[in-house]
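One-letter residues, chain by chain:
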Amino acid sequence: MGNKYILEIRDLHVHFRVYEGISRVIDGISLYIAKGERVGLAGETGCGKTVTMKTVMGMLKIPPAIIPCGEVYLNGRDILKMSPKELLQIKGTEISVIFQDPMNALNPVFTVGEQFYDVIRFAQQRFSNGGNLSRERIRNKMIAALKEVILPDPERIANSYPLELSGGMRQRVLIAMALVNNPKLLIADEPGTALDVTIQAQILNLMTKLVEVKGISILIITHNLGVIKETTERVYIMYGGKVMETAPTNVLFRNPRHPYSQGLLSSVPRLTGGEIAEGIPGTVPDYITAPSGCRFHPRCNYAMPICAQKEPPLTMLESDHYVACYLYAKQGGQNE
Amino acid sequence: MKNKQRVLSSVNSEFTTTQWMVLKDKIGRAWYRFRRNSISITGGSMVLLVILLAILAPYVTPYPQHAGAFTDFLNAFQTPSKSHWFGTDEIGRDLFTRVIFGYRISLMLAVIVLGISVPLGVILGLTAGYFGGRIETIIMRTTDVFLALPPLVMALAICAAFTPTIERAMLAIASIWWTWHCRLVHGITRSIKTEEFVQASWVIGDSHFRIIFKDILPNCMSAIIVKTTLDVGFVILIGAGLSFLGLGTQPPKSDLGTMISYGAQYLPTKWWPTVFPSFAILFLILGFNLLGDGLRDMLDVETEGI
Amino acid sequence: MKFSQFLIRRLLYSILVLLGLSILIFIIARILPGDPARLALGPFASKEQVEYLRHNMGMDKSLPLQYWNYIRGLFHGDLGLSFQTRRNVALDITHYLPATVELITMAILWVFVIGVPLGVLSARYKDGWLDNTSRVIAFVGVSVPPFVVGLIGQLVFSYVLGILPTTGRLALLTPNPPTITGLLLLDSLIAGNFDTFGDALKHILLPSFAVAMTGIGQITRITRSSMIDVSSKDYIEAARAFGIPDRYVTFKYMLKPSFIAPMTILGLSFASQLGNAFLVETVFAWPGIAKYGIRAILRKDFNAIMGVVLIIGLAFVMVNFIVDVLAGYIDPRIRIQEETIEE
Numbered sequence: 001m002g003n004k005y006i007l008e009i010r011d012l013h014v015h016f017r018v019y020e021g022i023s024r025v026i027d028g029i030s031l032y033i034a035k036g037e038r039v040g041l042a043g044e045t046g047c048g049k050t051v052t053m054k055t056v057m058g059m060l061k062i063p064p065a066i067i068p069c070g071e072v073y074l075n076g077r078d079i080l081k082m083s084p085k086e087l088l089q090i091k092g093t094e095i096s097v098i099f100q101d102p103m104n105a106l107n108p109v110f111t112v113g114e115q116f117y118d119v120i121r122f123a124q125q126r127f128s129n130g131g132n133l134s135r136e137r138i139r140n141k142m143i144a145a146l147k148e149v150i151l152p153d154p155e156r157i158a159n160s161y162p163l164e165l166s167g168g169m170r171q172r173v174l175i176a177m178a179l180v181n182n183p184k185l186l187i188a189d190e191p192g193t194a195l196d197v198t199i200q201a202q203i204l205n206l207m208t209k210l211v212e213v214k215g216i217s218i219l220i221i222t223h224n225l226g227v228i229k230e231t232t233e234r235v236y237i238m239y240g241g242k243v244m245e246t247a248p249t250n251v252l253f254r255n256p257r258h259p260y261s262q263g264l265l266s267s268v269p270r271l272t273g274g275e276i277a278e279g280i281p282g283t284v285p286d287y288i289t290a291p292s293g294c295r296f297h298p299r300c301n302y303a304m305p306i307c308a309q310k311e312p313p314l315t316m317l318e319s320d321h322y323v324a325c326y327l328y329a330k331q332g333g334q335n336e
Numbered sequence: 337m338k339n340k341q342r343v344l345s346s347v348n349s350e351f352t353t354t355q356w357m358v359l360k361d362k363i364g365r366a367w368y369r370f371r372r373n374s375i376s377i378t379g380g381s382m383v384l385l386v387i388l389l390a391i392l393a394p395y396v397t398p399y400p401q402h403a404g405a406f407t408d409f410l411n412a413f414q415t416p417s418k419s420h421w422f423g424t425d426e427i428g429r430d431l432f433t434r435v436i437f438g439y440r441i442s443l444m445l446a447v448i449v450l451g452i453s454v455p456l457g458v459i460l461g462l463t464a465g466y467f468g469g470r471i472e473t474i475i476m477r478t479t480d481v482f483l484a485l486p487p488l489v490m491a492l493a494i495c496a497a498f499t500p501t502i503e504r505a506m507l508a509i510a511s512i513w514w515t516w517h518c519r520l521v522h523g524i525t526r527s528i529k530t531e532e533f534v535q536a537s538w539v540i541g542d543s544h545f546r547i548i549f550k551d552i553l554p555n556c557m558s559a560i561i562v563k564t565t566l567d568v569g570f571v572i573l574i575g576a577g578l579s580f581l582g583l584g585t586q587p588p589k590s591d592l593g594t595m596i597s598y599g600a601q602y603l604p605t606k607w608w609p610t611v612f613p614s615f616a617i618l619f620l621i622l623g624f625n626l627l628g629d630g631l632r633d634m635l636d637v638e639t640e641g642i
Numbered sequence: 643m644k645f646s647q648f649l650i651r652r653l654l655y656s657i658l659v660l661l662g663l664s665i666l667i668f669i670i671a672r673i674l675p676g677d678p679a680r681l682a683l684g685p686f687a688s689k690e691q692v693e694y695l696r697h698n699m700g701m702d703k704s705l706p707l708q709y710w711n712y713i714r715g716l717f718h719g720d721l722g723l724s725f726q727t728r729r730n731v732a733l734d735i736t737h738y739l740p741a742t743v744e745l746i747t748m749a750i751l752w753v754f755v756i757g758v759p760l761g762v763l764s765a766r767y768k769d770g771w772l773d774n775t776s777r778v779i780a781f782v783g784v785s786v787p788p789f790v791v792g793l794i795g796q797l798v799f800s801y802v803l804g805i806l807p808t809t810g811r812l813a814l815l816t817p818n819p820p821t822i823t824g825l826l827l828l829d830s831l832i833a834g835n836f837d838t839f840g841d842a843l844k845h846i847l848l849p850s851f852a853v854a855m856t857g858i859g860q861i862t863r864i865t866r867s868s869m870i871d872v873s874s875k876d877y878i879e880a881a882r883a884f885g886i887p888d889r890y891v892t893f894k895y896m897l898k899p900s901f902i903a904p905m906t907i908l909g910l911s912f913a914s915q916l917g918n919a920f921l922v923e924t925v926f927a928w929p930g931i932a933k934y935g936i937r938a939i940l941r942k943d944f945n946a947i948m949g950v951v952l953i954i955g956l957a958f959v960m961v962n963f964i965v966d967v968l969a970g971y972i973d974p975r976i977r978i979q980e981e982t983i984e985e
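Chains as they are written, first to last, in the working numbering: chain A, 1 to 336; chain B, 337 to 642; chain C, 643 to 985.
Hints are computed from structural coordinates only; laboratory data are not their basis. Keep in mind the model is a prediction, meaning the values are calculated, not measured. Please note that the accuracy of each hint is not assured.
What follows is a list of derived Cβ distance ranges for each label pair [what the hints assert, rightly or not]:
| # | chain 1 | residue 1 | chain 2 | residue 2 | range |
| --- | --- | --- | --- | --- | --- |
| 1 | C | Phe893 | A | Glu233 | 36 to 46 Å |
| 2 | C | Lys768 | B | Lys360 | 28 to 38 Å |
| 3 | A | Ile288 | B | Ile471 | 52 to 62 Å |
| 4 | A | Arg254 | B | Thr530 | 26 to 36 Å |
| 5 | C | Ile972 | B | Thr530 | 44 to 54 Å |
| 6 | A | Val18 | C | Asp769 | 44 to 54 Å |
| 7 | C | Val802 | B | Ile387 | 26 to 36 Å |
Just some of the chain B residues that point at chain C, by a computed CB distance under 7 Å [to be verified]:
| # | residue |
| --- | --- |
| 8 | Pro486 |
| 9 | Leu488 |
| 10 | Ala493 |
| 11 | Pro604 |
Even for Gly, the Cβ is constructed at its ideal location relative to N, Cα and C.
So here's chain A without its partners, still in its complex pose:
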């Protein structure tokens, strides 16, 4: 396992013990992100995206979560095997999260400045070479970070309570907090979903520019294909806790192969043309009694008998383009 990839997930399974049984929320996914790459993880609500995020961040509560098998390598180290102390060291410094809902991600009884200060301070304490930065240096760092996310009057913002800021401003603050300690990987969970569409566009713009400039890899988790198109270079389509298809973004949008991907793309309304958007009939599967074989087969127009029996393997169509579907299993041949 070389350091070729910033993030590498291999055959990860995450189950939850619930009252009714075992919920197999993630049932074997693999993905990788190279240095500086912008990768998207797309899928309907409830397909396991957030759980993936939490697993990678080491934020899962075990129990009730169980990880029966799988590895998650961050810069070559397996996150799942790390002690809480080691995990603490990487949080915020090697890997950062931008949470979905900016309204609730900031503590309402502390000023932005206080929280920001702590974020920087604790990261500094962990660096032996950095040593302890003085109050003033930390404050300067914070102001600089706030300026980077194009917040006017950073001094005032730092002295404000979260309640006094708008949603867009809070989101920017959160981005600044995520980036201030120079992580190698940034995970954005449904970025901008909780905001106005116009604000969302600004935020996404800002995010992509920043990560490009700093050379940070980013994993964008979203159900919104528009966001995927605008911000990612490569995308994984997830359904029912499994990866259905993965390809470079423009390739996928041009030529989706998996029936699910095709359904997703056709359900996005187009501004031009006379087509009416179609949805995909059916609902997401129950993770306790999941459909046998391919999890998508009950909703698939092209389902074949074998789809209900065995899970389709990931088949390579072109380099970097893999599909998990029996429609293509005969062609090509290599699995990953």
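Guided by the hints, dock chains B and C onto chain A, whose structure is given.
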């Protein structure tokens, strides 16, 4: 006009059938959760025990005549024994009997006080919350004044105006108690008032009366139930306090607070006239508090204060 | 809204409430059946004497006029004469108040020193033995009448174990320290009189605990539930995700928001303690204002009743005011929300 009425009534009758089914389902689930919650069970059993004892008092107590005026100085201050489980008091009356009859008085106090103050408070709270404006200000400012003193102190002050009897004490407590429920309901009403289903009713043309009782009140019910259950304990506590201070029941009736106050004079040698009524009242209040707390968990309600 | 605006609004409101309270009690007390003048003079006084006293007390004037006179007198510090002690009620109050203040202050100390840590630890080690024990304690705390705590406490600690005294603030033979504040603990410390201090401490231990019992129960429970509530909030998860160490998250980022809920209870808790004081002072023969008040009520000493009610009302309103202000300070949302509602 007639058509509108016909449409409305048919809509309403469908409504009520579904509402009835939903209600039955709700109750079923609530009962299921109740059974699984050990706090509610414990509290519920304690309460049930006391209520049964109180209702059947003349039949379950060994010396029912001791509950009233009765003297037997020869038997005064007997230690707890087989014939007198809790011993006897300074006049020779069986303490166990008197405690059970004391439960009667405590429960009666709670029923009367809450029976008056809860409906009053709820109605005033609904009115204040729904109509707002001047009415709201008047009602809520009045509650503020009544709540300017701690409940016991206020009750004391009001009791000061009359010769102390148990009934007057009850009235005194009731005259304060409505304020809590008024506040509670007022808060809930205000927050629901702007919800869409209320506005929908308004648009259809439901009368104010209807909206209040059909839309708003049901949403207050869980909070009211929980609070009332918890109130029982509190009211009994205050009642006992008043009696202890000499402002409640007068002898020879046996109220638990009065018994403790009389018994305290004979500490420490004759401990049982104090200790047994004390534990008895603790048992009762604890039962209601456990029950109320369990109910609150079950119905998932947030109430003001505890 | 600016903090000062918030303060002023609260202040005005408090004054209004006090005014309303005074009117209420005045009316109730004046309507009482039975003639206070007659009661004060006894059944053998002549009719003229009673009339004279009534005139002296101003009771033959109209109700609103009486009220107005009373309020006027208030501003001069004149609370009228007590029928019982024949002294100025104001004097009586200054005489008896410190004892109650000391009692309640100790009780509040108990509540914070025991209640808050118990609640915090209870939440942190949820469902553990500490949690279960403290929940039981809390339940019993709110369920047990304070006079029962007092009596049982006396039974166990004074009679059986003999380590604590039963009544009063000081043993008979212990000399009083010089009266500076009227608070025995403080006065004896200031005077350097450590024996007296120890004695006073022993005397106040049990009564203050009896008063505090209810408050301890309340605060423990609400601190616990508040902490549990906060621990599941998004911003706590976010703080952890940013690499803030767990202990810091618990004791800084969870604690402060958790205090808001107990704050709202604080006013209620203080109320219960004031009420408890009435019962506990009776049990322990504690010479405080509550005991004075009860005697006044039993004897229908009208001026004394008014005086006590007003003092207690004032204390209560003040405490509520402080609590509101504190809450507004801790939680900026409260201040800001008030402003938006105005629009």
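Hint by hint, here is what the structure shows:
| no. | hint | result |
| --- | --- | --- |
| 1 | Phe893(C) with Glu233(A): 36 to 46 Å | holds, 43 Å |
| 2 | Lys768(C) with Lys360(B): 28 to 38 Å | holds, 34 Å |
| 3 | Ile288(A) with Ile471(B): 52 to 62 Å | holds, 54 Å |
| 4 | Arg254(A) with Thr530(B): 26 to 36 Å | violated, 49 Å |
| 5 | Ile972(C) with Thr530(B): 44 to 54 Å | violated, 28 Å |
| 6 | Val18(A) with Asp769(C): 44 to 54 Å | violated, 19 Å |
| 7 | Val802(C) with Ile387(B): 26 to 36 Å | holds, 34 Å |
| 8 | Pro486 | holds, 4 Å |
| 9 | Leu488 | holds, 3 Å |
| 10 | Ala493 | holds, 5 Å |
| 11 | Pro604 | holds, 4 Å |
Checked against the numbered hints listed earlier, the structure breaks hints 4, 5 and 6; every other hint is satisfied.
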